[in-house]
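Read top to bottom, the protein sequences are chains U and W. So for the first sequence, full-length UniProt numbering puts the first residue at 1; every next one is plus one. So for the second sequence, full-length UniProt numbering puts the first residue at 1; every next one is plus one.
Just so you know, these hints were derived from the structure itself, not from any lab. Errors might be hidden in some of the hints.
In this list, chains with the same sequence are indistinguishable; a pair is considered to hold if it fits within one copy or across any two.
[As the list claims (entries may be wrong)] Here are the simulated DMTMM-like cross-link-like pairs (lysine to aspartate or glutamate), alpha carbons at most 25 Å apart as the crow flies:
1. K13 <-> E54
2. K13 <-> D149
3. K27 <-> D142
4. K27 <-> E101
5. K13 <-> E151
6. K13 <-> D176
7. K27 <-> D230
8. K13 <-> E95
Chain residues, written in single-letter form:
Number of protein chains: 2
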Amino acid sequence: MAKQQQEEGPAPKLTINDIARMAGVSKKTVSRVINRSPLLNRQTRAKVEAIIRETGYVPNPQARALALGRNFLIGLVYDNPNLQTILSMQRGVLEALHGTEFELVIRPVDRGSPMVMDDIRRFVTRQRLFGVVIVPPLSENDALARMLDEEGCRYVRIGSATWDDADHMVASNDRDAVADATRYLIAQGHRRIGLIAGPHGFRSAQERRDGFELALADAGIALPRSLVADRHYTFESGLAECESLLDLSPRPTAIFAANDEMAAGVLYAARLRGIAVPEQLSIVGFDDTPITTRVWPPLTTVRWPTVAMRRAAGLKLIGAATGEDAEVGAPSMFSSMLIRRGSVAPPAAG
Amino acid sequence: MAKQQQEEGPAPKLTINDIARMAGVSKKTVSRVINRSPLLNRQTRAKVEAIIRETGYVPNPQARALALGRNFLIGLVYDNPNLQTILSMQRGVLEALHGTEFELVIRPVDRGSPMVMDDIRRFVTRQRLFGVVIVPPLSENDALARMLDEEGCRYVRIGSATWDDADHMVASNDRDAVADATRYLIAQGHRRIGLIAGPHGFRSAQERRDGFELALADAGIALPRSLVADRHYTFESGLAECESLLDLSPRPTAIFAANDEMAAGVLYAARLRGIAVPEQLSIVGFDDTPITTRVWPPLTTVRWPTVAMRRAAGLKLIGAATGEDAEVGAPSMFSSMLIRRGSVAPPAAG
DNA sequence: TTGTAAGCGTTATCAT
DNA sequence: ATGATAACGCTTACAA
């Protein structure tokens with residue numbers, strides 16, 4: 001039994017033929033073992049598996065990719081205005097892929113470009129990707145989903161609400177979460193609450209805005225148009241927009257920003273004007289990114305379970321491949337929850 | 001001339017055979033064109049190239065990978081305590097790869113695990129990676145570099161100083177940059193300056209610490225041992241360590257933190273104690289990550305040209321492949337520079 | 001249940 | 001300078 005292949009050296013690459021010879025079977029039989037073919041004699045399988053284990057043989061992914069017409073790569077396609085969330089997306093998907101034969105290929109794209117669609121198409125077809133995870137705002141593009149279907153590329157979309165079937169979608173309930181957060185503000189006694197919404201055309205922005213308006217309506221609070229501003233999910237835009245909100249008279253006593261970056265901008269704007277937070281202005285953000293605990297005061301925010309969502313997306317994608325039934329049922333809906341920190345207080349009297 | 005292949009549809013995949021037939025040459029000749037073989041008749045090449053352009057033919061990467069024994073994938077291996085910098089690393093490498101046939105595969109690892117080395121070995125050999133970019137602190141591991149060499153995997157290391165030859169290394173001059181920053185603090189009048197250094201065993205931490213001590217020595221300022229603390233490059237550790245520095249009597253009038261996360265922790269600690277920044281305490285960080293402009297006051301810091309360094313690393317890696325001589329000479333040394341913002345002022349009188 | 005032969009799309013060898 | 005033919009390592013018919 002040749003077995004110098006244990007644990008070291010430049011590895012004189014074993015092939016399926018070597019294993020077949022050692023096991024005294026045909027390469028096809030080895031192939032069947034690798035691919036978990038059901039029609040195989042128990043003993044034969046056991047014998048081959050033993051050899052594989054002893055030798056540490058690993059099938060060549062390139063050869064499999066060529067023969068199968070598909071690679072063992074998962075693509076992560078994104079064009080996210082909020083750099084902070086990119087990391088947690090990656091973390092989640094990587095967690096799902098950990099220990100499998102899949103690797104993660106990342107691909108930032110420019111959704112503004114007229115070529116996005118072709119870019120992504122080339123990406124998936126050229127690399128013959130096993131599947132892709134698509135995150136907001138790109139995940140809101142139905143044409144993209146259709147295109148991936150046409151190309152025979154599996155996909156899972158991440159979103160702030162559900163707009164595709166369970167096999168293709170992992171979502172959070174942003175609307176409810178924001179409604180809760182807004183009710184919390186109202187319960188603290190706030191009545192003039194400003195909203196710095198996300199970019200027009202973003203589903204997440206719309207969901208969060210809807211939740212906000214819903215809670216206000218429920219409480220019978222009218223929302224003057226001047227108290228709402230559409231921005232770009234960036235620190236700078238939060239800062240800029242907060243300026244105009246603070247110019248209003250009477251001034252809002254609280255501001256809900258549709259993400260933490262903008263909330264940090266609001267806090268900064270308040271500081272620039274010498275407005276004390278939370279005494280004179282309460283702030284609530286969304287995402288629970290690290291920045292919330294690095295600024296002063298730490299920001300009350302809505303925790304968005306990004307990592308868990310991405311992991312679910314990854315599992316959903318490869319679930320079919322691994323055949324592990326346990327993983328096929330990766331959950332499709334996740335709940336965000338309010339995290340109370342230091343940026344909210346009852347409004348100043350008067 | 002068949003040319004329905006222009007711009008749409010599920011793409012009935014062209015192969016090298018199709019191109020060969022259309023051009024009236026053998027597939028080997030087409031292959032030569034693809035691989036820029038020098039021994040080719042100008043006209044033959046032109047003819048084949050024309051067909052390729054017309055049809056939009058793209059060679060199948062999987063087949064090439066199998067035949068060549070190497071993939072067109074670049075790996076990014078990291079185990080970075082500072083999440084913030086991961087993004088800029090990725091951005092830089094992605095920029096270098098943009099428009100090429102290479103894709104980026106990311107691979108976080110746990111350098112604490114006894115299996116790291118084998119993990120990475122499996123990663124590069126299984127995927128037959130074209131090459132990998134290794135970032136600190138993993139890039140300081142010489143055994144890792146040796147192993148990659150053995151496996152025939154190209155690599156480029158990123159570091160805070162140069163410790164490998166120019167082909168394998170892209171570095172910054174952290175020591176000089178920190179010395180400059182420290183001199184700036186001294187020029188402002190500070191004499192009791194605390195240092196919150198990076199983790200023991202990190203080359204970047206050592207370089208930055210050396211720069212700090214160098215500047216102090218040059219100015220004839222003795223550095224009490226109590227003014228130096230080793231920490232983990234995290235916000236929490238910066239916060240914790242700052243507490244003990246602020247307990248000293250007399251208190252330091254300035255603190256240099258070896259990265260921005262820790263500097264943010266210092267700022268937070270000061271706020272907790274009601275110590276005004278920069279009036280009563282000056283702070284300087286390192287990296288110039290986004291957080292520096294989101295806290296109040298914005299942090300003076302040393303800009304670390306991460307994106308440019310990573311791009312250079314990527315170019316260096318694929319330079320040999322693209323054959324573009326212009327890119328082979330990607331620079332190997334980058335300078336960090338001081339960015340003055342609001343967290344430094346002369347020490348309070350007395 | 002297992003094996004044989006023929007690909008998958010490219011590159012390398014060795015002629016010519 | 002170009003082409004026929006055999007790899008590359010695996011999978012899918014199709015037999016046996």
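(request) With 25 Å as the alpha-carbon cut-off, assign the pair K13 and E151 to within, between, both or neither. (result) between (34 Å within a copy, 11 Å between copies)
(request) If the cutoff is 25 Å on CA atoms, where do K13 and E95 land: within, between, both or neither? Let me know, please. (result) So K13 and E95 fail the 25 Å test inside a copy (28 Å) and across (34 Å) alike.
(request) At 25 Å max between alpha carbons, let me know whether K13 reaches D149 within a copy, between copies, both or neither. (result) between (37 Å within a copy, 17 Å between copies)
(request) With 25 Å as the alpha-carbon cut-off, assign the pair K27 and D142 to within, between, both or neither. (result) Close neither inside one copy (43 Å) nor across copies (40 Å); limit 25 Å.
(request) Since the copies are identical, ignore which copy is meant and state whether K13 and D176 lie within 25 Å (CA to CA) inside a copy, between copies, both or neither. (result) neither (55 Å within a copy, 46 Å between copies)
(request) Check K27 against D230 for me: Cα-Cα at most 25 Å, and say if that holds within a copy, between copies, both or neither. (result) neither (62 Å within a copy, 57 Å between copies)
(message) At most 25 Å between CA atoms: does that hold for K27 and E101 within a copy, between copies, both, or neither?
(response) Answer is within: at 21 Å inside a copy they meet the 25 Å cutoff, but 33 Å across does not.
(message) One pair to classify: K13 and E54, alpha carbons no more than 25 Å apart. Within, between, both, or neither?
(response) Intra 14 Å, inter 40 Å, cutoff 25 Å: intra-copy only.
When each numbered hint is compared with the structure, violations occur for hints 3, 6, 7, 8.
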